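For reference, the chains in residue letters:
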Amino acid sequence: MIETKNLSFGYNSQKVLKNINFIAYPGKITSIIGSNGTGKSTLLKNISGLLKSEGEIFLDGKNMHTMRRNEIAKILSYLSQSTSCSVALNVFEVVLLGRLNKLSYKVAEEEINRVMEVLKQLNIEHLASRNIGELSGGQRQLVFIAQALVKKPKILILDEPTSSLDLYYQLEILKLLKELTITNQFTTLVTLHQLELAARFADKIIVLKEGEVFKKGTPNEIITTKMLREVYRVHANVITNEENIPYVMPYSAYQYG
Amino acid sequence: MQIAIKTYDYKADIRRKSLLLLVGVFICLFSLIGNILVGPAWLTPIETVSSLLKLSYVDSATNVIVWTLRLPTALMAVGVGASLGIAGAGMQTILANPLSSPYTLGVSAGAGFGAALAIVIGAPAVTFIGPYAVPFSAFIFATLSSLLIYFIGKARNLTSETMILSGIGLSFLFQALQSFVQYIASPEDLQSIVFWLFGSLTRANWFNVSIIFLIVVITLPLMLQDAWKLTALKLGNEKAEGLGIHVEGLRIKVFIMVSLITAVAVCFVGTIGFIGLVGPHVARMLVGEDQRFFIPLSAIFGASLLSIASIISKIIVPGVIFPIGIITAMIGVPFFFSLILTKKRGYFS
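Residue numbers (the working numbering), protein chains in the order written: chain A, 1 to 257; chain B, 258 to 606.
Rather than coming from a laboratory, the hints here were simulated on the basis of the structure.
These numbers come from a predicted model, not from an experiment.
Worth double-checking, as some hints may not be accurate.
Said to hold, decoys possible - No farther apart than 25 Å at their CA atoms in a straight line, the calculated lysine to aspartate or glutamate pairs in the DMTMM-like style are these: (1) Lys178/A / Glu3/A; (2) Lys120/A / Asp483/B; (3) Lys268/B / Glu125/A; (4) Lys274/B / Glu134/A; (5) Lys102/A / Glu304/B; (6) Lys274/B / Glu110/A; (7) Lys52/A / Glu505/B; (8) Lys120/A / Glu109/A; (9) Lys102/A / Asp270/B; (10) Lys106/A / Glu445/B; (11) Lys268/B / Glu110/A; (12) Lys152/A / Asp266/B; (13) Lys106/A / Asp270/B; (14) Lys102/A / Asp316/B; (15) Lys15/A / Glu56/A.
Unchecked claim - Covered stretches of chain A, as calculated for chain B (at least 3 residues, CB under 8 Å): (16) 82-88; (17) 100-113; (18) 123-131.
The C-beta atom is built at its ideal place from N, Cα and C for all residues, glycine as well.
Using the sequences provided together with the hints, build the complete structure.
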């Protein structure tokens, strides 16, 4: 579980996040949405301990500010937005690094098997021997998702995990994340730009606007024409399909004045 | 039709890398033996080996040549080469820059200036440490250069860009100071300075060989202890931190070790270029950047390259030991170009 209490953060004197309060529960996908520059990635970095925030963050009931970096890494996996990586390591080795806390000088059989299991789960075992620098952006994103999943974290934090993926993989990966979240009781927190994906896969959505929580709720409560106008500044229709999932049909950007 | 995909075998890959490490050790051993066998005094291999085995019938002149000249020089080549290889590997990892070498951070320029200064003020004659005044001064200024980079870098969270830029800046500063010292030096001192800057293994003796090996024996296991963390660091700061690594602490630790190992190596033999740059590149092409293999192989290739360069320096002009600093750069540059031209994606970035 993740709980934030009055979380605030600023770069120098400029406040990026202001009094963020929310709870993300195990077995559920919580999605953070909002327009560009509203602090979504900054929020995830704060929760992952990569940036030092004001206020309190509780990871599985424990105050994060009292935890050391490797203690946090034991229970939490963080996937950054950047997929750029050029290093002389193959895919297997990169994914293996996800088990950093458990690796001894000689890699145990159990660790090798775990890496292969995740590579198969993501359908990328054929890439295992390829150098990470030779892969496409989308393939690299899959490798880093594998690295995040390989340690079976209690808390999974993913910043735009589908941004470089094609439509097929966007759906496949989010479906897999949903399954893993339920079966392993992960607390999954994910930022998504595509509202359709958030609507389809998230159990709860938190909307950020100018560094503050604009609204929290289920996809049906959140994705409304009013929210799209006020947060995203677009005219759009929202329709609901037969599965009761809201879909956005944008028309035009909102003109001020 | 189904295309069969060959499954990757990690353990086979590890066996391959271990084998390469073993081959590297043998190359290093052969180059060490070759280096002991070759020299301006044309001893036969049997005479040399007999002396090494301390057989009673070997004459004392042969024993002196082998035990006080050839063996320390050959071991010095291995020790310094390994030091520069380890330092280069460490530097390229913490600075995330394949152009880094132990010299990037101005350490050699600092050492050069320190040596030149000691020569000009006549330190060997006036200080109680006598002949060790020049290496001592070189060591002090090499360390000073590292300390300056640390304090400048600290102001910017020790980012690689800040460290590289301050290193380049300090290199220019120390080179200018060294030029100034050369400018005011007497012709005899100037000759000594230039000869020191060429780099030479002939300054080897059992004392400085022991110190170099001691530093290698201390730093290598300490770096290998963090092998996994250093491997993860290559993924970038943010990813490494996300994996639970205290990036700044790791950088400082490796930086201190690399500075120490470089300062010690350079202060005894002078400026020997390219070993610290090329050794890690060869290692990277063969085993990638799993630091469990990358660091030892960088050391082994550094040691082998310097041993081979030492052999060449002894046979290129018969009866004369050519300055090894010139040889390493002359064989290092074409070799380095060949590496660049045959590079694979991901190896240099």
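Structure-based check of each hint:
With a C-alpha separation of about 20 Å, the suggested pairing of Lys178/A with Glu3/A holds against the 25 Å cut-off. For the given pair, Lys120/A sits about 29 Å from Asp483/B by alpha-carbon distance, which is inconsistent with the 25 Å threshold. For a cut-off of 25 Å, the pair hint linking Lys268/B to Glu125/A stands: about 15 Å separates their Cα positions. Taking the CA atoms of Lys274/B and Glu134/A, the gap is near 21 Å; set against the 25 Å cutoff, the hint holds.
Under the criterion of a C-alpha separation no larger than 25 Å, the hint pairing Lys102/A with Glu304/B is inconsistent with the structure, at around 54 Å. Only pairs whose Cα atoms come within 25 Å are accepted, and Lys274/B paired with Glu110/A is accepted, the gap being roughly 21 Å. With a CA separation close to 15 Å, the supplied pair Lys52/A and Glu505/B stays within the 25 Å bound. Of the supplied pair hints, the one linking Lys120/A and Glu109/A holds, its CA atoms being roughly 17 Å apart against a limit of 25 Å.
About 20 Å separates the Cα atoms of Lys102/A and Asp270/B, which keeps this hinted pair within 25 Å; it holds. Among the hinted pairs, Lys106/A with Glu445/B is inconsistent with the structure: their alpha-carbon atoms are about 56 Å apart, more than 25 Å. Taking the CA atoms of Lys268/B and Glu110/A, the gap is near 12 Å; set against the 25 Å cutoff, the hint holds. Of the supplied pair hints, the one linking Lys152/A and Asp266/B holds, its CA atoms being roughly 23 Å apart against a limit of 25 Å.
With a CA separation close to 13 Å, the supplied pair Lys106/A and Asp270/B stays within the 25 Å bound. Pair hint Lys102/A plus Asp316/B does not hold up; C-alpha atoms about 59 Å apart against a cutoff of 25 Å. At roughly 16 Å between alpha-carbon atoms, Lys15/A and Glu56/A fall within 25 Å of each other, so this suggested pair holds. As drawn, the region 82-88 of chain A meets chain B at 6 residues by the rule of a beta-carbon pair under 8 Å; at three or more, the given contact holds.
With 6 residues having a beta carbon nearer than 8 Å to a beta carbon of chain B, the region 100-113 of chain A meets the requirement of three or more and the stated coverage holds. Figure legend: the region 123-131 of chain A, annotated as covered by chain B; annotation consistent (5 residues with Cβ-Cβ distances under 8 Å, at least 3 required).
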